[in-house]
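There are 2 protein chains.
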Amino acid sequence: MTTQAQLIGLDWGTSSLRAYLFDADGKVVASRQQAWGVRQLPEGGFAAAFEAITAEWPACVAVAAGMVGSRQGWREVPYAALPADAAGIARGMLRVDDCASHELWIAPGLQRRQPADVMRGEETQIIGALARQPLQQLNMRFVLPGTHSKWARVVDGRITDFDTVMTGEIYALLIKHSILGAGLPAESTPSFAHDAFVRGLLAARDSGGEGIFSRLFSTRALMLAGELAPAQAPDFLSGLLIGEEFRIARLRDDGSFSPLCLIGEATLCQRYALAAQHFHYAPPAVVDDAAAQGLWHLASAAGLLAKARLHSYFGVTT
Amino acid sequence: MTTQAQLIGLDWGTSSLRAYLFDADGKVVASRQQAWGVRQLPEGGFAAAFEAITAEWPACVAVAAGMVGSRQGWREVPYAALPADAAGIARGMLRVDDCASHELWIAPGLQRRQPADVMRGEETQIIGALARQPLQQLNMRFVLPGTHSKWARVVDGRITDFDTVMTGEIYALLIKHSILGAGLPAESTPSFAHDAFVRGLLAARDSGGEGIFSRLFSTRALMLAGELAPAQAPDFLSGLLIGEEFRIARLRDDGSFSPLCLIGEATLCQRYALAAQHFHYAPPAVVDDAAAQGLWHLASAAGLLAKARLHSYFGVTT
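So the protein sequences, as listed, match chains A and B. Here the first sequence is numbered in the numbering used here, starting from 3 and rising by one per residue. Here the second sequence is numbered in the numbering used here, starting from 3 and rising by one per residue.
Calculated directly from the structure, the hints in this document are not laboratory data. The structure displayed is predicted, hence computed values, not measured ones. All C-beta atoms in this analysis are idealised placements derived from N, C-alpha and C, irrespective of residue type, glycine included. Treat the hints loosely; a few may be bogus.
Okay, the calculated bits of chain A under chain B, using three or more residues with CB under 8 Å as the criterion [as the list claims (entries may be wrong)]: (1) 118-125; (2) 160-171; (3) 207-214; (4) 223-230.
Generate the whole structure from the sequences, applying the supplied hints.
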């Protein structure tokens with residue numbers, strides 16, 4: 003490694019840990035991934051995981067985001083308030099005392115007071131994705147699909163509001179444990195059941211103010227009636243649940259459609275892009291992985307990059 | 003046993019089997035219960051379960067309702083269509099061929115075509131509860147809370163529409179398997195957390211057309227914010243889910259409030275009665291167990307009681 007290395011970034015969630023090494027221009031020059039999420043740490047806990055994943059990397063400043071800052075994390079970092087931008091989030095960072103090898107900071111998550119909601123890690127991805135947007139697009143809806151989907155509103159480049167929707171977790175629970183998963187093929191559908199998915203979307207969209215809570219069971223009833231093949235049931239249910247996210251989002255849009263930006267895994271984002279189309283949104287931008295860029299921008303906003311440069315100047319690297 | 007016995011009724015669901023012996027006036031003179039639901043039959047299957055639970059009872063005509071008539075049951079009985087009354091349901095009964103000891107009939111469930119929905123067993127409880135209503139109250143909403151809550155509309159004494167809401171199953175899945183159940187006391191709340199429950203109800207009621215799908219996570223967020231004690235979280239979630247049932251029901255009422263009648267277990271019905279109050283319904287009637295009475299009325303509508311009387315007359319009893 004050379005003295006070019008400026009920053010280590012850690013995207014440290016519930017089930018995985020990703021580490022990035024940045025050069026002076028903010029370019030990722032190395033990255034590593036382990037299954038060492040906050041709930042499945044290796045022996046030696048947080049410190050051991052950190053040492054192992056940064057082994058042989060320079061001892062430059064490090065910034066972490068995600069569940070590592072939660073009550074079950076390495077150090078609890080109080081949530082930052084809304085509205086939030088990179089500077090506001092950076093001000094909430096706390097330093098980890100018991101990291102011997104590096105100066106390590108953890109970024110706060112965000113909290114909405116009323117109704118209560120929280121995020122940890124997604125705010126960093128949004129900051130990263132925002133950095134890629136042209137200036138005229140700083141009013142957007144960011145959607146981060148997943149176990150707990152996050153829908154965030156950005157006005158003038160600041161996160162003003164967000165919601166957590168437990169879409170992925172509820173989908174998995176219903177397929178794995180509920181009556182809706184009974185009698186399905188053991189393997190998930192090999193190919194995406196497009197028509198069944200869209201049928202679910204439209205059932206949600208056209209449910210009026212009722213929503214899908216009283217329609218979930220139709221996944222079963224349609225199968226019993228011979229109107230839905232068992233192999234298509236999972237994608238119908240997926241359409242119902244993702245459709246419900248969009249139904250709620252549309253209610254809040256009040257006629258004004260902010261452009262959507264999807265951040266997440268490509269296959270999942272394709273489903274959300276299809277849903278966006280059926281809910282009359284313009285085709286959304288899709289950002290594959292914005293965490294690294296977000297960590298860099300938070301470090302920059304925190305003034306940590308200058309410090310990193312100073313360290314490098316005096317050759318304080320391993 | 004005397005020749006007074008006229009009918010055996012079987013309420014045969016997924017997880018339990020109840021048997022009733024009726025006298026000539028439709029009074030239950032004996033009843034038995036086993037955990038021999040359709041999914042947990044004893045050795046020897048349906049026939050063995052039937053023989054054991056009716057042991058030493060007369061060989062009079064028997065009528066069964068519930069999942070015993072499903073594809074996984076003793077004999078599949080096609081669903082009856084809406085609107086349905088006792089006569090219509092009785093017409094759909096099928097006789098079980100391989101019940102050697104008794105003339106055994108299974109009642110059909112009900113199916114709604116659009117949107118697809120089904121019930122098996124609850125129709126019989128509704129028929130039983132209807133038999134207790136004064137004539138002027140044959141326009142009602144029947145609510146059967148449970149794993150799969152059923153909301154049925156009755157107009158002029160006929161079931162015209164119904165919905166299945168997976169409230170109980172989703173509640174159990176979320177508490178047992180999701181992030182919402184993490185960090186809760188190992189034992190469920192010893193006493194009912196009234197205020198938390200009502201708070202959940204109101205969150206659903208006041209969610210406008212959005213509903214609770216994007217509010218489920220607030221159960222967790224409120225705990226993290228210190229605004230909800232872990233011991234109260236289950237009842238808050240219960241309030242959210244039951245409140246969502248009522249929110250949807252209110253949307254369909256179009257200003258006209260049919261009286262509600264609750265059929266089910268007393269403690270659960272108390273929650274629904276409390277919800278009804280917060281959703282401005284008149285205090286609902288509560289019927290504890292209507293299955294036996296429903297079985298009697300279906301047998302009567304099917305003309306099976308005369309046959310039973312004939313059997314008894316000739317002394318065809320064991």
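How the hints compare with the structure:
| no. | hint | in the structure |
| --- | --- | --- |
| 1 | 118-125 | holds (count 3) |
| 2 | 160-171 | holds (count 5) |
| 3 | 207-214 | holds (count 5) |
| 4 | 223-230 | holds (count 5) |
Hint compliance for this structure: every hint is met.
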